[in-house]
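> So the chains spell out like this:
4 protein chains.
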Amino acid sequence: MSINSFGHLFRVTTWGESHGPAIGATVDGCPPGVTIDEGLIQHWLDRRKPGQNKYTTQRREADEVRILSGVFEGKTTGTPVQLMIENTDQRSKDYGDIKDKFRPGHADITYWQKYGIRDYRGGGRSSARETASRVAAGGLAREAIRAIAPNVQITGYMVQMGPHKIDRARFDWAQITANPFWAPDAQAATDWAAYLDKLRKSGNSVGAVIELVARGVPAGIGAPVYGKLDTDLAAACMSINAVKAVEIGAGMDAATLTGEANADEISMGPDGPEYSSNHAGGILGGISTGQDIVVRFAVKPTSSILKPRQTITKSGQATEIITKGRHDPCVGIRAVPVGEAMMACVILDHLLLHRGQVGGQVGENQGLIG
Amino acid sequence: MSINSFGHLFRVTTWGESHGPAIGATVDGCPPGVTIDEGLIQHWLDRRKPGQNKYTTQRREADEVRILSGVFEGKTTGTPVQLMIENTDQRSKDYGDIKDKFRPGHADITYWQKYGIRDYRGGGRSSARETASRVAAGGLAREAIRAIAPNVQITGYMVQMGPHKIDRARFDWAQITANPFWAPDAQAATDWAAYLDKLRKSGNSVGAVIELVARGVPAGIGAPVYGKLDTDLAAACMSINAVKAVEIGAGMDAATLTGEANADEISMGPDGPEYSSNHAGGILGGISTGQDIVVRFAVKPTSSILKPRQTITKSGQATEIITKGRHDPCVGIRAVPVGEAMMACVILDHLLLHRGQVGGQVGENQGLIG
Amino acid sequence: MSINSFGHLFRVTTWGESHGPAIGATVDGCPPGVTIDEGLIQHWLDRRKPGQNKYTTQRREADEVRILSGVFEGKTTGTPVQLMIENTDQRSKDYGDIKDKFRPGHADITYWQKYGIRDYRGGGRSSARETASRVAAGGLAREAIRAIAPNVQITGYMVQMGPHKIDRARFDWAQITANPFWAPDAQAATDWAAYLDKLRKSGNSVGAVIELVARGVPAGIGAPVYGKLDTDLAAACMSINAVKAVEIGAGMDAATLTGEANADEISMGPDGPEYSSNHAGGILGGISTGQDIVVRFAVKPTSSILKPRQTITKSGQATEIITKGRHDPCVGIRAVPVGEAMMACVILDHLLLHRGQVGGQVGENQGLIG
Amino acid sequence: MSINSFGHLFRVTTWGESHGPAIGATVDGCPPGVTIDEGLIQHWLDRRKPGQNKYTTQRREADEVRILSGVFEGKTTGTPVQLMIENTDQRSKDYGDIKDKFRPGHADITYWQKYGIRDYRGGGRSSARETASRVAAGGLAREAIRAIAPNVQITGYMVQMGPHKIDRARFDWAQITANPFWAPDAQAATDWAAYLDKLRKSGNSVGAVIELVARGVPAGIGAPVYGKLDTDLAAACMSINAVKAVEIGAGMDAATLTGEANADEISMGPDGPEYSSNHAGGILGGISTGQDIVVRFAVKPTSSILKPRQTITKSGQATEIITKGRHDPCVGIRAVPVGEAMMACVILDHLLLHRGQVGGQVGENQGLIG
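Protein chains in written order, with numbering that gives the first Met the number 0: chain F, 0 to 369; chain L, 0 to 369; chain P, 0 to 369; chain H, 0 to 369.
If you are wondering where the hints come from, they were derived from the structure by calculation, not from laboratory data. Computed from a predicted structure; not experimentally measured. Check each hint, because a few of them may be wrong.
Heads up, the list lumps identical chains together, so a pair's fine if it works in one copy or across two of them.
[To be verified] Derived pair list, reagent style DSSO-like, types lysine-lysine, alpha-carbon separation capped at 30 Å:
id : residue 1 : residue 2
1  : Lys-48    : Lys-313
2  : Lys-197   : Lys-306
3  : Lys-197   : Lys-313
4  : Lys-53    : Lys-313
5  : Lys-323   : Lys-74
6  : Lys-74    : Lys-200
Isolated chain F (complex conformation) (with noise of 0.2 Å):
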């Protein structure tokens, strides 16, 4: 019932401050006998690693991963998995003068009123820096499902920041990687581009809308009634630092659907059921249809910002804030691998679920029953 930790089997806690000695995520119930090491993890980690452009905060971490136990010879072995990354770029000086004020928009005011507790070094355990033990754990989980379901591809991009939003038309895969916003169209990432550079300099930030989608995930995973896929995925998503919003498939847009147009109409395939369209994001009563996985979240802007805001202190003294520190203007750009990382936890989480309930081979039924 750990408040910090989440899924099922593969069970993921994860631990640690922004500027304590270290964070890192706990991780139990993997797999045995999964090929894992530093550099794997090392990759996944280095997509969400800030310092490497302009748009994100200027913090260096190396964020160097260290797999404390659960691997022997390069294999896991059925135990807990500890990932470890220490802190070493820790500048709490930057908080000084926020020291004893509450930033508007962020945890420190609810944090105080709950614990009792003013962590002022950069937000303490509200920190986004907390997500680096998610994208770590993320990498381990990709390599299980590896193993278990090779055909699973787990990938993330911008769709939207601020009002601007891709040109669908124009989507292109092989873009993702080649821009600095994770934006599957090169001209939105050109144009997101000089929007974001105005911002920085004023001092200000932004909101973004991540998608995320699994391609190659069989039929048959998730678990009704409290346990189906499209809520861990919602829970997964919305336990991320900003988020405000998840959507499956239509999202928003199916309240705006006639029950005729919404529905994904099947026929049979070579490799079992295909559909029409897929406003059910992949998932029907809580169980994967071997459909793409489409899962979009909204991130809200950083609420550390440079534009001076009106707040209160500890004592309860009206005062102003600016938050100086080294801060992401669109803290939505590292929420993808992030995003990526939390979807990557709980297919993982299902597909163990799935045989240890079921049993059989994962997927073979996707090609229906007899």
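Given the coordinates of chain F, work out where chains L, P and H should sit on it, guided by the hints.
Frame of chain F, contents of chains L, P and H only:
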């Protein structure tokens, strides 16, 4: 780790199928000494009950709840409360025509692919009938909340049917129970009536957006990082049948805002911090701020419609399907009391979790500490 | 985290009081496709049923189980199975005399101190009646085990009543069901009959030791470090009413052995490793070895006796108590089918957990790997 | 549902292998504001530390704990506390001789059969080294208990080594820390020293019985039916390496008693109910009575011995084994601080769980209600 359960301390497990002998909720962890009887729960069930007007399914269930355990002499004892609702109007024969066909947009096909079982009588476990159990549990949760945090008020209403939104300028709390749509806008209710009548007669259905508001929740409940209040609310709502998206506060629109615009500025009021706006939806860092907690979710249109759709049979043959049965033209209507119930359960759970970990009176730090 | 639940994947929540309308078990996570009906479960309930001979309580409960959900056309569907047993013989008036008094050795007083609630009608939730729900769940677990690991046989029997032990030299499996004490030693059964008659007539009661053996469990189930098979068996047995000790294999006697004597030496047999002895009770490091799994537990004497004892009332006044009611002179007798049921649930749970984490056929490494 | 975790609200996950870089405990759910530092935890680790006298393994671990998260300015913050202990004395080469052999009575063989992984370096995850993490977590639990229920005192001691028991007439609390065996009987300690010396020199080992007592625990903690205080204590103790039996109060002897003899008669004292005896071990119906909570557990002899034993290799060949390494001749000695730590974690967990569900001050109904 039960997949049909939710909640940390106030833990609800629902059970039952639409066409079995009964459905119900097993509720563990309820505080002792809560005044409760069947009438108090029935009040909420009656709001969800089908067949009350022409806009909901004509299935006529009495939906009478029986308390089988955990209550003695009108008070909860602290032991599990079993809430059972017998199914009385099971016209399974309605389903004879579709026994071997899969409804597009329905969980028939995924249950079959996962479990190899086809409970063709109305969807079985995936039927919206399961939500009656949630409403019963929510009725108990409301009474327990009343004993702990009497100022909490939880209200749901519909803000959009198909493409038609309410006008927030006409928002009127009193209207919510004055029309069959739980609309807080009388004009919208009138418009929706005409719109839905037409859809219903054409054998079609439509989606909706529901908003839930909890007023009077003390600051400080919720728990980082994977037991966040918004995470648990998102999971609770996404687990409801047909829900495809969940928003907190500004929701998807948060993506379009700048940090400057999104910041809910803070001032000190007589009873604790006050905010210039509520983009956060009453939650920062997963912990309540003391503002209204605002959640919205989108419900897709009912998939069981009279419009013919292409599909396949259990053995993979192409066919056409028309679902006769007795279905809701806008299942979002009955999702309103369900959403309220889920919110009540989540808030009670976090009230208990908070006093478990932190102790003291709930909300004692609302006015800030020291 | 439900406090009235146990199990990881096969998760059982029991509910109900001795004198409420019904008791039952909500079983989540059962594999789909298991052949089950009420008769298969009733078989096991009938073994526990009171009033079958003069050595058990004369309360006459039909103990008829109804399956309310999770089964369709004679097979489990993979959704929650609700097993309900109505209470039919509730003579609450038996308890009028002790309404305000606490029985020494009974949970009356601690429930009162914890919850401020006194359900004086037969112990309420703390009554041994709750164990009928476990037996029902165990009946389902046995059928699910049969589908996955058909060689598993689970048998319980009494090895000691008061100070009188069986003679292991006379051990006879066939005797177990041939006497009212589940004694594997016919002579012991005869002796115990005389001994217990005398105790019963004097209004006294006595304790017992029960042994449970699971034969045919494949090597490799169980999970370090807090989900060990022996840990879960110990918890399952200790949770049974009146149990005060649990042993695995050599149990308390393991303390007296040297390492040399305790070592179960290993040789290679035709179907996998064989052992020269079984001090380990079939479990090493929390994981099954393929040997018989052997658990013993001690049951204290029934606290409800006719012998007068000193006690206090709810308001703290000194008084004397005699409990009339209809009580078991040796509640250990009826603990035999309860222990078997708990063992069945735990073993099924670990079979599922193993295939969830590790995959493959259960027991495929029994003959060692490679 | 993590298999390497225990606890409901105070939730401990241990990780790490005997010969990896580090081991540790991830502790979630600790109350905020608890005064803690490394020294307070080190105090307890030093009691368990090997190599302190000739009766424990000569492995020389510094066992220095580092707090990596969850503590700020000397107080817990309410977020996860990561306690890490680096492994410094890893002489894996000691294990070269047994790399491919299974030690009788050791988990080598079952880990191999389950996971297909052989971490031959000292047992890997199944090593008693894992228990250092428990002691660290227990040190934190003790400080949290001190803040909530300051009268609680938790003490463990050895009551039996091999066949040699202490004489309860000579019981002296002060003796416990005055000899290397944690014996409350000075004469027993002297006798055991001679006995163990002889065993050790002959390359043999022996079992032991440990008793744990918690004094000052308020009445009313614990929760029916599967979250009973005794159930959780039994699981906590049985999960410790080499434990084969757990007793509460009268334990196995409860089987031999009549109801008349077993009844702990109740009278009213100045601070609440008092009892004429404590056969219950301070727990009735899974809930504390306010008496001393008494738990005993039996530890089997170390399986790694110099005496040659018959066994097989990984490939199933018959062979003989002698385990050189540096092993405890009576691993029960070091189980004393481990047992205390587990008891501290369980009691804290139930203090939190009680105030979560029931609210109010812990123990406020100790003097009975009304």
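> How would you label the pair Lys-53, Lys-313 (within, between, both, or neither) given a Cα cut-off of 30 Å?
neither (33 Å within a copy, 55 Å between copies)
> Can you give me the call for Lys-74 and Lys-200, within, between, both or neither, at a CA distance of at most 30 Å?
neither (47 Å within a copy, 39 Å between copies)
> At most 30 Å between C-alpha atoms: does Lys-323 with Lys-74 qualify within a copy, between copies, both, or neither?
For Lys-323 and Lys-74, the Cα distance is within 30 Å only across copies (27 Å; inside one copy 44 Å).
> What label fits Lys-197 with Lys-313 when the C-alpha limit is 30 Å: within, between, both, or neither?
neither (33 Å within a copy, 57 Å between copies)
> Can you give me the call for Lys-197 and Lys-306, within, between, both or neither, at a CA distance of at most 30 Å?
within (14 Å within a copy, 51 Å between copies)
> Should Lys-48 paired with Lys-313 be assigned to within, between, both, or neither, using CA atoms and 30 Å as the limit?
For Lys-48 and Lys-313, neither the intra-copy (32 Å) nor the inter-copy (44 Å) Cα distance is at most 30 Å.
Checked against the numbered hints above, the structure breaks hints 1, 3, 4 and 6 and satisfies the rest.
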